[in-house]
Amino acid sequence: MEHVAAQFIDLQYGNVLALLAIGFVGGLVSGFIGSGGAFVLTPAMMSMGVPGVVAVASNLCHKFPKALVGAYQRNKFGQVDVKLGLVMAASATAGVWVGADFQNRIKLDFGEAGSNLYVSLAFVAVLTIVGAFVLRDAVRVYRSGEADAQEKASRLALWVQSVEIPGTMMHFKTANIRVSALFTLPLGFATGVLASTIAVGGFIGVPGMMYVLGAPGLVASATELVIAFVMGFGGTIKYSLHGLVDIRLALILLAGSLFGIQLGAIGTTFVKPFMIKVVMAAIMLIVAVSRGLVVPVYLTELGRLDLAPSTMAWLQMASFAFLVLALCTGSIIIIASMLRGHRSGAITLREPAPD
Amino acid sequence: MENPKPRLLLVASGTVSGALYLLLYLYEREIMAAFTRTDGWFPVLPVLAAFVFSFAHGAFTGYFWEVLGIRALRKK
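Those sequence lines, one after another, are chains L and U. Our numbering numbers the first residue of the first sequence as 1 and each following residue consecutively. Our numbering numbers the first residue of the second sequence as 356 and each following residue consecutively.
These are computed hints drawn from the structure, not numbers from a lab. Check before you lean on any hint, since a few could be wrong.
Heads up, incomplete: computed chain L residues facing chain U, CB under 7 Å, no partners named [claimed, not checked]:
hint, residue
1, Cys61
2, Pro65
3, Asn75
4, Phe77
5, Tyr142
6, Thr236
7, Ser240
8, Gly243
9, Ile247
10, Leu251
11, Leu258
12, Phe259
13, Thr269
14, Leu285
15, Ile286
16, Val289
C-beta: ideal position from N, C-alpha, C; glycine also.
Could you put together the complete structure from these sequences and hints?
Here it is, written out as structure tokens:
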């Protein structure tokens with residue numbers, strides 16, 4: 001196999017500090033909503049001169065230990081359904097293979113720009129539809145005045161739970177659902193396909209577990225960490241066999257992200273459950289804008305549009321700025337709602353217990 | 356009564372985590388050479404390192420927030 005040591009960059013202090021900071025923010029978001037971060041980490045590493053494949057490999061190598069720590073922490077709060085996570089991860093792994101294969105075929109047929117266009121359109125379509133749906137649900141819960149109440153399963157989830165297919169029924173204790181494996185399989189598969197396409201499978205996995213299976217938001221986002229661990233672990237081995245993991249990048253990211261993921265996980269116990277949906281929707285919709293901005297760039301590269309090089313550079317810069325904005329917005333909402341939750345929690349704790 | 360803050364554990368785990376990162380810094384060249392080899396069991400090294408760092412640094416970051424007083428609010 002090819003030895004690719006020449007592709008590894010010299011690390012500057014500025015790069016290390018940037019990786020620590022992005023790692024922390026990415027970890028905070030992952031600890032809270034179960035995924036996120038990769039969409040900024042990978043392009044950020046590439047902007048430092050790291051080749052794309054090394055950036056993806058190093059991100060995966062930092063993702064699985066981060067997810068492990070996050071899952072361990074949230075399991076202590078009783079939020080992780082390990083069985084659901086492993087069942088979803090099994091079919092997600094198959095989804096990753098198929099998704100990667102499909103992407104390779106697109107690259108062969110339509111070239112690099114065609115592949116980038118496909119990834120961006122997948123981003124925009126999935127994130128706009130699912131993000132808008134999650135936001136609508138969060139707004140509905142907020143307006144109904146039941147923000148403190150236990151989440152109700154969607155109509156689709158109630159139907160899914162009512163379908164009895166003998167020999168395929170599985171009970172997931174923490175999520176408190178009983179569904180047929182014939183529903184979890186395609187959902188995990190879609191999570192894997194999306195993970196291999198846009199690097200953030202959780203944008204399908206978490207809403208899927210919430211709205212299709214009927215798992216509470218807290219359990220869905222915590223369980224996603226189990227899926228992230230399995231997929232990150234498998235991915236790391238795959239890239240490591242080709243000598244593509246830059247362990248320095250992975251461990252520096254980990255140094256920041258473990259602070260973040262612990263804080264994000266603790267944060268979930270401070271806030272009202274619907275806040276998970278608010279953060280998720282905000283990030284998804286801003287990322288959709290970011291990817292939408294580069295669609296004209298790839299169309300120009302394919303000869304379908306005629307944009308000036310300066311316009312293309314500006315669009316690409318704006319797109320990256322929106323990615324950073326997505327992560328920052330998510331973090332600010334998390335920290336603000338934690339502070340609010342902490343204050344109201346402290347007040348509740350001081351109130352005398354009713355007789 | 357509140358649990359005492361685990362300051363000693365924070366220092367101990369911080370020392371281990373710091374030492375691991377110091378080793379990474381000091382032996383960067385040797386580590387990169389070994390961790391990117393594709394023969395034998397060398398591809399296992401990045402996975403092993405990720406686990407070791409996640410245990411040591413994960414413990415440190417956990418105690419860090421606890422000592423700062425940021426603990427989970429148990430609602431149930």
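Against the structure, the hints:
no., hint, in the structure
1, Cys61, "holds (5 Å)"
2, Pro65, "holds (3 Å)"
3, Asn75, "violated (12 Å)"
4, Phe77, "holds (6 Å)"
5, Tyr142, "violated (19 Å)"
6, Thr236, "holds (6 Å)"
7, Ser240, "holds (4 Å)"
8, Gly243, "holds (4 Å)"
9, Ile247, "holds (5 Å)"
10, Leu251, "holds (5 Å)"
11, Leu258, "holds (4 Å)"
12, Phe259, "holds (5 Å)"
13, Thr269, "holds (4 Å)"
14, Leu285, "violated (29 Å)"
15, Ile286, "violated (27 Å)"
16, Val289, "violated (32 Å)"
When held up to the earlier numbered hints, the structure conflicts with 3, 5, 14, 15 and 16 and fits the remainder.
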